[in-house]
Every structure is written in structure tokens, then in C-alpha cells.
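Student: Chain residues, written in single-letter form:
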Amino acid sequence: MNAAGPNQFIADNDTRTFLQKFGLRIFLVFIAAVFLYFATTTDHYLTLDTLKAIVRDAALVGIMAIGLTFVTLSGNFFLLSMKETAALCIIAFAMGMANDYGFILSLAGAVAIAAMAGAIQGALIGLGGNPIVVTLGAAGILYGLAAWWSDNLVISYRRPHDAEWLGTGSLFGIPNITVAFIVIAIVAEWVLKKTSFGRQVFLIGANRAAGKATGHENFSMAIKVCIIASICCAFVAVAFSAQLSSAQANYFSSEFGSAGDYTILVIATVMVGGNSIMGGYGSTLRTSLGAVFISSVDYLMVLKGFASGARVLSVGLMIVASIIIFAYLRRGSRSEG
Amino acid sequence: MITLFKTWVSRDPDLAFAILLTVLLYALFAFSNPLFFTPGTHFAILERFAVLGLAGLALTLCIIAGEIDLSIGSNAALSAVLVVRFADEWGAVNSILFGVGIATLIGLCQGYIIAYLKVRAIVLTVGTLMLLRGVALFASEEKTVMLTNFDMPDFIQTKFWIFFSPASITVIFLFIMVGLFMRYTKYGREIYAIGGARKEAIASGVDLKRPMMIVFAISGFCAGMCGAIIGLRSGTAQPLALQYILLVATVAAFIGGVSILGGKGGVIGALVGTLAVNFLNTGLVFEVTPAYEVQIYLGILLLTVIIFQTMSVLYEKRRLRMSLLDDTDRARENLRATWRGKHNQSI
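Chains A and B are the protein sequences, given in the same order.
Per my numbering, residue 940 is the first one in the first sequence, and the count goes up by one each step.
Per my numbering, residue 172 is the first one in the second sequence, and the count goes up by one each step.
Hints should not be assumed to be uniformly reliable.
Said to hold, decoys possible - Non-contacting residues of chain B with respect to chain A, defined by C-beta distances greater than 12 Å in every case (computed):
hint : residue
1    : Phe-202
2    : Leu-279
3    : Ala-310
4    : Pro-324
5    : Lys-380
6    : Tyr-415
7    : Ile-477
Stated by the list, open to error - The following label-pair restraints were derived from C-beta to C-beta distances:
hint : chain 1 : residue 1 : chain 2 : residue 2 : range
8    : A       : Ala-1148  : B       : Thr-475   : 26 to 34 Å
9    : B       : Leu-496   : A       : Asp-1090  : 39 to 47 Å
10   : B       : Ala-198   : A       : Val-1241  : 30 to 38 Å
11   : B       : Asp-322   : A       : Arg-1098  : 53 to 61 Å
12   : A       : Ala-1058  : B       : Lys-289   : 28 to 36 Å
13   : A       : Ala-1058  : B       : Pro-461   : 51 to 59 Å
14   : A       : Phe-974   : B       : Leu-195   : 54 to 62 Å
15   : A       : Phe-969   : B       : Leu-195   : 53 to 61 Å
16   : A       : Glu-1156  : B       : Gly-512   : 56 to 64 Å
17   : B       : Asn-320   : A       : Asp-982   : 51 to 59 Å
18   : B       : Leu-485   : A       : Ala-1058  : 52 to 60 Å
19   : B       : Met-482   : A       : Asn-1146  : 21 to 29 Å
What the hints contain is simulated information worked out from the structure, not anything from laboratory work.
Quick reminder that beta carbons are idealized off the backbone N, C-alpha and C, glycines included.
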């Protein structure tokens, strides 16, 4: 993939088996073949409208997943509080809209709350707390706050409001939320690849000791990446609320809608994209493609007439398969995670 | 007597703190609400303990081994669905064996994959979390499954000896068995070893696969039993339910004195931690607190414990570094003194 230089050094004593060398390519070709077969044999699938719908569906989960990719790449695993952060933000936004504060102020409120939640979690993680346990606790608090603030009721606001352009508007026939997804994906990729901040993320994720030795502590990095992830949650919450003109604390839980738990879907997207969960390897482009892939498989299953159980099952299979395949491929090259 | 107490506290301060917290919580609710201090309430607490205790035990063992099993909620839901669905056709005992057996098998496979691929458990179990939900949805055909014959729910909740029911007796028995296993067998010690010092354990010849499979099999078994008891007690099972169990079990495990670094804690800690969560839960229910507010308290409790633990690790590291610096200073001083002595002599 990249320059042949480093590979020449290990070419002589490369202990990887044939399957480990070419397995991923074979697997990807196989998946593509299966996918193409079903895509061409399903009616109304290979149309421009379907493509637009797929990318629009992928957008909400995709934006959150792009935020989470920063956390994962920096070696802090993942946040289990994604959907709860979004729940608190959606309530904050809807409260603002219902009390006529206007779009800008409500958005600012939601983003501020998200940044605060992210900063606190990031600080705890950076001090050495386990990301999973910290965000599990934070998830309980955030969801509780969201439900308590809204009395666990639906908050709705009247239809002609100034957030409509984000929820249901479109630009040259492309929904605005899709445009936002594409813009965020490009910006995130640029930040990761071209700025010094992006390189620091990769450095700390790949080798925390080296990062510390060169003066890049995980403390400030954890705070930064958690704030990025939380602000992405806030943006998704605002867009989702603008679509429905309402909000409730459980809009992102699996009890609402058939898509399943948002947190797990977001983590699934990051994993299916093929980012290393231990950090240091991957890109937001992979995450975006993962989101589009999951969404297109989901759409295909909907057209084939599968119920929600089978779709949740298929996403679960995708995650487990990607974990096992990537772990197997790295088994030869890395002694221990 | 007092010296004995002192040595016990200094040997296991986490457990002492957990017991203190539990007793305080109990006393708080017992004094603030006269309704709390009745046999009926204690029966209800033990009934709830039957469910949460198993989840807490499962997570405690995983954290002792240095890993976290995120899939216990899904595993329990799957087991509940299977048990309730087949209870009418096959009889309750067979369906319990089937459901719990499947859950144990799932845990065993998870443990094997984790040890074979050398991945972290959180990575794999977050995948199985979703996969098992899908299987549960599939197995229940996305509906709430229900019993038609209510003999078993009645049997499970029969009250005897004032406080106990068959469910809670079974769970207490399981606690004793797992406690003995962890304390007195080689396999139990291996689990502690791979948690506290994995590299050293592997270097001294522990095969990672065996303890990992045992831990995750027990975790799967506990999750399965938990699901079976909940399913049979209420007579219904929902494929999307039981998500809250992970948070409750984590809080219980951390109050019980496990360390996220692994190798610490024990079955008694799991018991005490679960009881603390239980008292809090039951007491708050008496004060008419909605479920989401209980979540806030649980989250705050968990974060507090984590902050304390992180701070103590940081403090310990700092103390170690300081004492190391002190030692080098002293050694340098000594060296200088001897050198000076020699120098003076030679002059």
C-alpha cells in the first residue's frame, strides 16, 4: 500500500502465512462478489434514489462514528456513552427550540453541554481511568439527566421552525444531512492526515510510551478526542431532532425504531470500517465507508423483506467477523495487543 | 479481638470499605423508612439479589481476570427468551438446562476466541453484545414471549424460612461454590494470576486458554441463570430487555473492591457490592424514585469509585518514584562519604 521501503526489511523473515498475507484481499473480493450478486438480483436496488437513501441513512450513524474514530485511533478504545450524550443534547436542543431561543442558541447550548460532558469523561480517561468503565458510569448519569430534565416525555415544537433546513432541506436534490456527512468526513480526514494534531492522535494511539517520551501526554489528547466525539453526538442529535421536530431521551435507544442501539451501531461502524481498535491504525475514510457499507446491506435486507431481528443479527455478524479477521491477520505481526 | 480486626482491615481495606458502605446504606434506609425494616422487604431484597448478584458475580470474575464481559446483558436476554419459549413444550427443567447450557457455551467460545486471537475481551464482547441481541430477536420472532403454564413462576417464588425462595437459595449456593472454586483450586488461582500479572503467569507456564475459557464460561453461566430466573419469575421475556444489568453489575463489582487492572477482589466482595447496590435500589424505590434517577445515582457511585481508584494508583506511582529517588540520593550520599573518607586517608 504505502512505500515499499519498510516492507523490504521484513521480506526475508516474514513469518506470516499465505492466508495472513492475502486473506484480507480474498475476503474483500468474496464479500464484493456476494454483495454484487444480491445487488443485481434485487429489483429497484441499483438506482440513484436508493444510493441517495443509503447515504442519507448512513449519515447520522456515520457522523457519530467519525467522531468516535478519533477516540479509537488515539488508543482509548471507545465511548459507551455516545447515545446518552446524544440523548442529553437532543433534550437540550428541543428545550431551546420549544422555548423559542432560536436555532443558533439551541445548537450552541447542545454543543456546550456535549463539550462539557466530553471534557469531564476525557479528563477521567486521561488520568488513567478505564475508558469503558468511565463512560459506562457517565452513560448512566447522562441518560438519567436527560430523562429527568424532560420528565421522560416527548418535547415537540411547531413545524415552521428555523432548524428545518438541516432536518429535511436539501441542496441540488441532495439532502442537507448527506452534505453535512460528506463535508465532515472530508474535514476529519484532512485533520487526521494533514495536521499536526492528527499525527499526534496516531502517535499516541500507536505507542503511548513514545508519545509520553516526546511530550504528548494522553491526558490532553483524551480530553480533545472525547470533546470531538461528543460534539459529533451533539450535531447528530440536533439533526435528528430537526427531522422529527421533537425529542425524547430514548430516541437513540433500541426501544425506539428498529435500527438498534446507537452506541453499538456506532462502534460497529468503526470496527467494520477496519480501524484498529487498539489505536494507531485506521482512518475516518474507512469509518465513512463502513457506515455506507452497513447501511447498504441494511437496505438490501429491507428490500429482500427481512425483519429487524435478522438485520441486527447481520450487523452483529459483521462486527464479530471484522474483529476476528483483523485479529487473525495481525496475529503474526504483533505479539500481543 | 481488636488486633484481629485491625489486621483484617489493613489486609483488605477495600472489602472493609465496601462492608462499611453497605452497612451505612442499610442503616440509612432502615432508619429513614419504617417500611424498609420488615421481613417482606428483606424477602424482596433477596429476590432482587438473586438476579443482580449473578450479574455482579459474572462481572467480578471477569474483572479479576483483567477483562470485561460487555455481553452479559444480551446473553441473559437470549437465555431468558430460550427458557421461556421452550418451557411449555419441554418442561421447565429441560428448558432451563437448554437455555443456561447455550449461554455457558457462548461464554466458553468467547473465552476461547479471546485467548486464541489474543484480542481484548471488550473488543470481542461489544460485537457479541449486538450479535446475541440479534439472535434473541430471531429466537423470539421479535415478540415478547410468554408462558402459558404458571406452575414454575409460582414454585420459584414460594417463600420459605421467611426470607428465602428457591431462586435466592440457588444463587446463594452458586456463590458459595464459586467462592470455594476461586479460593481453593488451582484453576481459581490461575484466574487471579492472569489478571494481576498476565505476562508473568504466561512466562511461568499458565496456558492463557484454560483460565480464560473457565472465566467466560462461568460468566456465561451466571448470565444464563440470571436470564432464566428473570424469565421464569415474570413468565415473560423480551429480546431487548436487561440492558441495565451491565451498569448495575459493574457498580456492584467495583464497590466490591475489584481493580480494573485485575487480580484483585473476590466472591465476598461481589456479594457485598451487590448488596450495597440492592439496598440503594430498594431504598430509592421506597422513596418513589423513577428508574432513570436511580441510574444517575449508580453512575455517580461508579465514577466516584473509579476516581478513588485512579487517584490511588497515581499516588502509589508517585510514592514509588519518590522513594526510588530518595534511595538513589542516599546511595549517592554514601558513595560520596566513602570516597571522601578514602580521599582523606590517601592524602
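Student: Give a verdict on every hint.
Tutor: Taking the hints in turn, this is what the structure says about them:
No Cβ of chain A approaches the Cβ of B/Phe-202 within 12 Å, the least distance being about 26 Å, so the stated non-interface status holds. Annotated as non-interface, B/Leu-279 keeps its C-beta farther than 12 Å from every C-beta of chain A; the closest such distance is 16 Å. Non-interface call for B/Ala-310 relative to chain A: violated, since the shortest CB-CB distance, roughly 8 Å, does not exceed 12 Å. The claim that B/Pro-324 is not at the interface with chain A holds, since no C-beta of that chain comes within 12 Å of its own (minimum 25 Å).
For B/Lys-380, the non-interface assignment is confirmed: its Cβ lies about 14 Å from the closest Cβ of chain A, beyond the 12 Å cut-off. Here B/Tyr-415 does not stay apart from chain A, with its beta-carbon only about 9 Å from theirs, under the 12 Å limit. Its closest Cβ contact with chain A, about 5 Å, brings B/Ile-477 to no more than 12 Å, contrary to its assignment away from the interface. Between A/Ala-1148 and B/Thr-475 the C-beta distance comes to about 30 Å, which sits within the given range of 26 to 34 Å.
Distance hint check for B/Leu-496 and A/Asp-1090: the Cβ-Cβ separation is about 56 Å, which falls outside the suggested range of 39 to 47 Å. About 56 Å separates the C-beta atoms of B/Ala-198 and A/Val-1241, a value inconsistent with the hinted range of 30 to 38 Å. Remark: the range hint 53 to 61 Å for B/Asp-322 to A/Arg-1098 is upheld by a beta-carbon distance near 54 Å. Range check, A/Ala-1058 to B/Lys-289: about 34 Å between beta-carbon atoms, so the 28 to 36 Å window is met.
About 28 Å separates the C-beta atoms of A/Ala-1058 and B/Pro-461, a value inconsistent with the hinted range of 51 to 59 Å. At about 59 Å, the CB distance of A/Phe-974 to B/Leu-195 agrees with the hint of 54 to 62 Å. Checking the proposed 53 to 61 Å range against A/Phe-969 and B/Leu-195 shows it holds: the Cβ atoms sit about 60 Å from each other. Taking the beta carbon of each, A/Glu-1156 and B/Gly-512 are about 44 Å apart, not inside 56 to 64 Å as hinted.
Roughly 46 Å separates the CB atoms of B/Asn-320 and A/Asp-982, a value that falls outside the hinted 51 to 59 Å. Checked against the given bound of 52 to 60 Å, the beta carbons of B/Leu-485 and A/Ala-1058, roughly 19 Å apart, lie outside it. Checked against the given bound of 21 to 29 Å, the beta carbons of B/Met-482 and A/Asn-1146, roughly 26 Å apart, stay inside it.
Checked against the numbered hints above, the structure breaks hints 3, 6, 7, 9, 10, 13, 16, 17, 18 and satisfies the rest.
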